[in-house]
Every structure is written in C-alpha cells, then in structure tokens.
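A.B. asks: Assemble chain B onto chain A, guided by the hints.
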Amino acid sequence: MSDGYTLVICEKPDAARRVSDALSGGTSHADQVGGVAVFRFSRRGEEFVVCAAQGHLYGVSDPSDERAVYPVFDVEWYPSDLLDEASAIAARRISTIRTLAAGASRFVNACDFDVEGETIGYNLLKYACGGKEKDALRAKFSTLTEEDLVKAFEDLKPQHAQGLARAGRARHAIDFVWGVNLSRALSQSALGSGHRYRTVSIGRVQGPTLGFLVQREKEVREFVPVPFWKVSGTFEKEGKRFNAGYAEDRIETKESAEKIREDCLGREAVAVAVRRSSAQIGPPVPFNLGDLQKEAYRAFGYSPSRTLQIAERLYLGALVSYPRTSSQRLPPTINYGGIMRGIGKITQYAAYTEELNKAELKPVQGAKSDPAHPAIHPTGEKPKRALDVSEAAVFDLVVRRFLASFGPSARRELAEVSLEVGEHEFRLSGGRMIFPGWMKYYGKYAGYKDVELPPVSQGDRLETVGVAVEEKFGQKPSRYNQASLLEKMEKEGIGTKATRADIIATLVGRGYVSGESMEVTDLGLSVVEVVAKYAPSIIGMGLTKEIEEKLEAVETGGQGEGTLLRETVRAIADQLAELSANEESVGHGIDSALMSSVAGSFVLGKCPLCKTGDLRIVRSKATKKRFVGCSNYSSGCRASAPLPQKGTIKTTSKACEHCAWPVVYVMGGRRPWKLCVNPGCPGKNKP
Amino acid sequence: MKCHLCEREAVSGLCPYHEAAKARVQSAYPLWVRAYGRMEWNEYLDNVKRNVQTGQWAKEIAGFLKGD
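Going down the list, the protein sequences come from chains A and B. So in the working numbering, spot 667 of the first sequence is number 667, and the numbers just go up one at a time. Add 1000 to the 1-based position in the second sequence for the working numbering, that's all there is to it.
No lab work stands behind these hints, which were simulated from the structure alone. Among the hints, a few may not be true.
[To be verified] With a straight-line cut-off of 35 Å between C-alpha atoms, the simulated DSBU-like cross-links for lysine-lysine are:
#, chain 1, residue 1, chain 2, residue 2
1, A, K444, A, K384
2, A, K606, B, K1049
3, A, K368, A, K126
4, B, K1049, A, K259
5, A, K259, B, K1066
6, A, K533, B, K1066
7, A, K606, A, K491
8, B, K1049, A, K254
9, A, K384, A, K368
10, A, K440, A, K491
11, A, K611, B, K1002
Extracted from the complex, chain A is given alone in its bound form (with noise of 0.2 Å):
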C-alpha cells in the first residue's frame, strides 16, 4: 500500500461523525478542511479521513441555459453550485473532497447503499476524486450502529457493475430532460398567451399522479347523489335492548322502506339463527418505507415526506435502520435478540421483550423484497438525546411495529344473530378480543374496538320496541389524501420509494393541489386537460411506467443507460413538437387558470370596513412579512391585519360568524388550523 490514507466519503455530515466514531473507537479528532468538518484516525496502521456530502453535490443541466429554448436533449452534470446560487455549501464540499482526494490512496464510497447515495458517491469519485468510481471501494450496511458500521468496513466490496449509480444517473437525466423540456414548453405557451411568466410545469411521474388525481376530482366534482333508505329495529330481551340492522342494507324506494316498518311494528322477533365464530388476525409484517408513511398519517396525520425527514433523522441517529427500503423482511442476520435485548432497556417496552424472548424469536415476513436493506427495524440503541414529539412517535410506531411482528395471532370471537320479524330479517353482530397476541405490542395502532356480544340464543323471542326508516344518500367518492394517493403510485408501479413523497409534495408547491384533501385547483385540471389533449404520453402511464421497469433493467445490468436515454428522447420529441404547432392553443387552454389561481390565491374575501374592497394578502416590501390589507388602501381603507409567516394560507370564501372578517386555513405543521384573521374579532375572546 502506498503512503497515502483511505478516504471515506459518506452521504451526510452525521453519517460522517459515526462512522468516524465506529471505526476510530470514539478516537478520530475533527478537524476542518476549507471549511468543512472532516474526521482523521488511524485503524490497525491505516490512516483514515472521513468526509461528507450533503445530499447531492452535481445534478443535471443544459449547457445552454436559456431558459426559453426547447427542446433541449444534450445534458452535463455539473456542481450544483453552478445551477442553484443558493448551493454555496456545495462548492465548499467539493472543495474540500477534490483536496483530499490529492492526499489519498484508497476511496471507501459509504454513501448510503440505495440508487440516489450510489449516484452521490459515483460523482463525487468522478468529478471531485480524478475518476477514481472504478477504483473506489464499497461500504454496505443498513443500520449506523458501531456493529454494522464496523463489519461493513472490515468486507469493503469492490464496485465494478455500479448498476445502482448507472441507473440513478439515468433517472437523473431523464427526468431533467423530460422536465426542462415540459416546462419550457408550457410555460412559453402561457407567456405567449399575454400571461406573465411563471414556471407552468409537469415532471415525469407527476404527470400520471396528477392524471389519478384529476380522474377522480372530476368524479367527485360531477357526483349526483340518489337517495336510498336504511332500516334498522331496536329489540328488547329482559330488560336491555339491541339494535340491528335490516339485512337488506339499502332500500332503494322510501315505499318499501316504510312497508317494512308497517310490516314489523307490533310483531315479536325470533332469534332463527346464532352464529358464533372465532377468527385469527395475523400480525402486521414488518414496515417498508410506503407502509410506515401510510401508518404514520393514519396514526399521527404526518404527510409521507415529513415521516421519511423523520426517519432519517432516526436513522443519522442509529435508533433505526435505513428508511429507504422496499422490503418488509427481516432477515435473521439483523440479529432478532441483539434487538430485543436492546429494547428491552428501554422501560416501556421491556415487559414485551421479555414476553417475546419466553419463545423462538421468528417474525412474520411480508411479500415484498429489497436485496440492498432488510425492513425498517429500530437498532436496538437507546436515544441519547431527547427525540422531539415526531420523532419519539416514529421511534414508537416502528419499535412497536418490530415487536408486533414477532407477536403470535390475535383471536377474536364473533357473533351475529339473524332476527326474523314475519317475513323481515334483521341482524346483530358484535364481536370481542380473546386473545390480543400481537396487538398489545402493538398497543393504540392495532386499532380494534369490542362490540358487545348480543346474549341471544336461538329460539329466544324478543319485542321490537321500534323500526327506524332513514333516508340516506349515496357518498360522493373520498379524494386521495396524501397516503391514499402514495398507495396508488406504489399500485401502479411509478416513482420510487424514495421519490413519492417529494413528488406529491411537489404537486401541492406547484398549486396543482390543495389543501390535505389533496383538491385538485383549476390550474391542475388545465395543465392536464392541455398535455392530454396534446401530449398524451406525458400524462398516461405507459411511457413513465416502461421507463421505470427499463430502469431497474440499467440497475440489474440488462439495459444499457445510453440507448435508455434515447429511447426516451425519442418518445418525448414527438410529443413536444405536438405541444409546439399548438402553442396558442395550450398556452390559451392554462391562461385563464394561470390568472385565477394567482388572483384567487391572495384574495381572501370582500371587506367588511369600506364594503366595495377586496382583503387580499399582501407582502410588505420594507420587511418582506405578510399581512392582510384592503384593495381600497389608495381611496383610504386602512383594513389591516396581521397573519402567521409560516405555513400555507389557504382562502376559504367564508366569512366569520363574529366579524365577518375572512376566514382562512393556515396549513403547515401536522393539521392545518382555522383562523379568523380579524385580530380583534370578539370570538377569540369566547372561552
């Protein structure tokens, strides 16, 4: 071995500390190169320096930049300081690793194992390190525990077929140029339709989102309710009274809905049949990263994007394994009692742990595999800092999601008796916990009520006290929530486990949604109605959903990223030439949208002082905050009122029932809040 020390380049500066940490013993020293911390320590003779990234330091761009020009097919990575003016931080890393990569004579790539840490690593080996992707070693480990980190370190993997970061790089290309391209050409459109300019965008997997979304927003838009009507019949057995449900669930005529009533007033009921049964509720497999999104906004109301900030911050931590992961495994290489014993000394769970450890220690696996990470699973390490509210309720619901897994069947006993009323049938059910098994690990987030078991048997006669005829209607279908519509991508096979999140996050910054009902806005339904009408492969799934399985050929080696990268071309010029000889037509089709979504977004309702004026909100210029002022400030209105600086303010068009002074919905933070902007409105005062 040469002179020169072994550089490790790790995806974040936490990452950087413990692996530092684990390798050193506790004893590498910090030390800043240019500006940026870095970790030295010798291990067994060998000297090390640490360093780290911080997310990606090179993305994608067009050498021309002129943002007016499409379509634009040639595409370079550059440092992303050149790209984003915000990037400072980047330039100074790179910096920083392009020194050390002088210094050194080996590179350990510790960028987490995933498509996108590849991508990270593969750069900066590239560009920063004097091509040295090929030479570079690999780190593999799934958890940032001294354990992991260190038989990571001591089976360094060479990285010859680097599919992950062939792969990673060709997403990154392909969305940029599918975007860029998108882009330019809507938003040229517009601009040329007299229209401001103003960023009209579709990515490649936003495309068909928005296309779920609007599909169904045009189903609850255009819904027509028809009426129906339940029946259900209060029943009496010495001294206590059940209700039960007609068995015919909905009447369709409030003629027969009425008969039966007539028909059953009056006329004793027969218990005809008891069925009593017992059913097995299997444990819940172990999360992947969609699962525990989805159990996060269930339990908590977090949105999928918070809930993966949050359990990388659990993961920079070491309490849980890495996040981004398909699998719903746990392999027994995770070391099950290691675990357990861990947890154990954490005080709330250590009566289940030692229940647990009484048996063989084997947890349900679920269908789904990842072969780069196991299942999100906590490591078994103790906080050593105080988790904030979010944090110690992820901590928990994985904690106690790995619990559950090993837990035996839960059985519950079900009864239903069908009551005959003359020739009506009615029937009562209920049901009760035997025997809880997995769910008292899983505690608040099993989710299952007792229902009384009615103490009928059969042949028992009982009165029918009443018969309630209700009339119903038909519900108009649910929007997606920000759960529900991550479900549906993960059903139709687009985006990525790591990608979803962001790209729902990104339909709401664009405007194209609102609000956690996830309302799709005139400029979401006009974006789509144009790219539909124009470019339908933009939107449809096909062409998104065949680059997504050829992506994963590039990772596994059967696809080569070049012929990817101009298949792709190909199939998206047409489309843009079809968006470009119609450029009035599409740049008239999101105008109208354009105008309202702007004007609508800051006019938060009429004044209640001058009557003629419209509140809107405004931003002052002198200290940028925003603030509710009236549109007849110039004729003399002085409506003024303050507003939060965080969050989202959403326009409601209702009026305060106190002042009548605009509501509004302040979204940010877990769930959005109703406020009366009004500061001296008397109902703030109500107790």
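C.D. replies: Showing chain B alone in chain A's frame:
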C-alpha cells in the same frame, strides 16, 4: 365561446366538465323519481343543489337548469 358557468371554452354553451355534469344530473332524475314515487323536475333540481354530497359542477348545473 365561454362556458355559461365558468371561464373554460365551450362548444355549445357548456364546457366539457359542465356538459358531463349535466348528463349525470339528467341520468339521476329517473332514479330519484323511482326512489320517492314521484318528484317534479324543479323539485329534483332543488334537492340536488342543496344536497351536501352533490359535486360542485353538478350543483352549478342544477342551478343553471333551474334558471337560477
């Protein structure tokens, strides 16, 4: 030509969204008549407009068809 009910382009007075909603409102009428035994067209439109489950475009069309 603009849609009678929104800013979108229309072919025969209504944009494709409101046209589709109109077809829904019209096709649901016989179901309401059957459900209640009888119901006048205008009474039906009032009910559709008031119902919380009715979608936004269907509500707008119900009002439009009633001449509100």
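A.B. asks: Give me the numbers of the hints this structure contradicts, sorted from smallest to largest.
C.D. replies: 7
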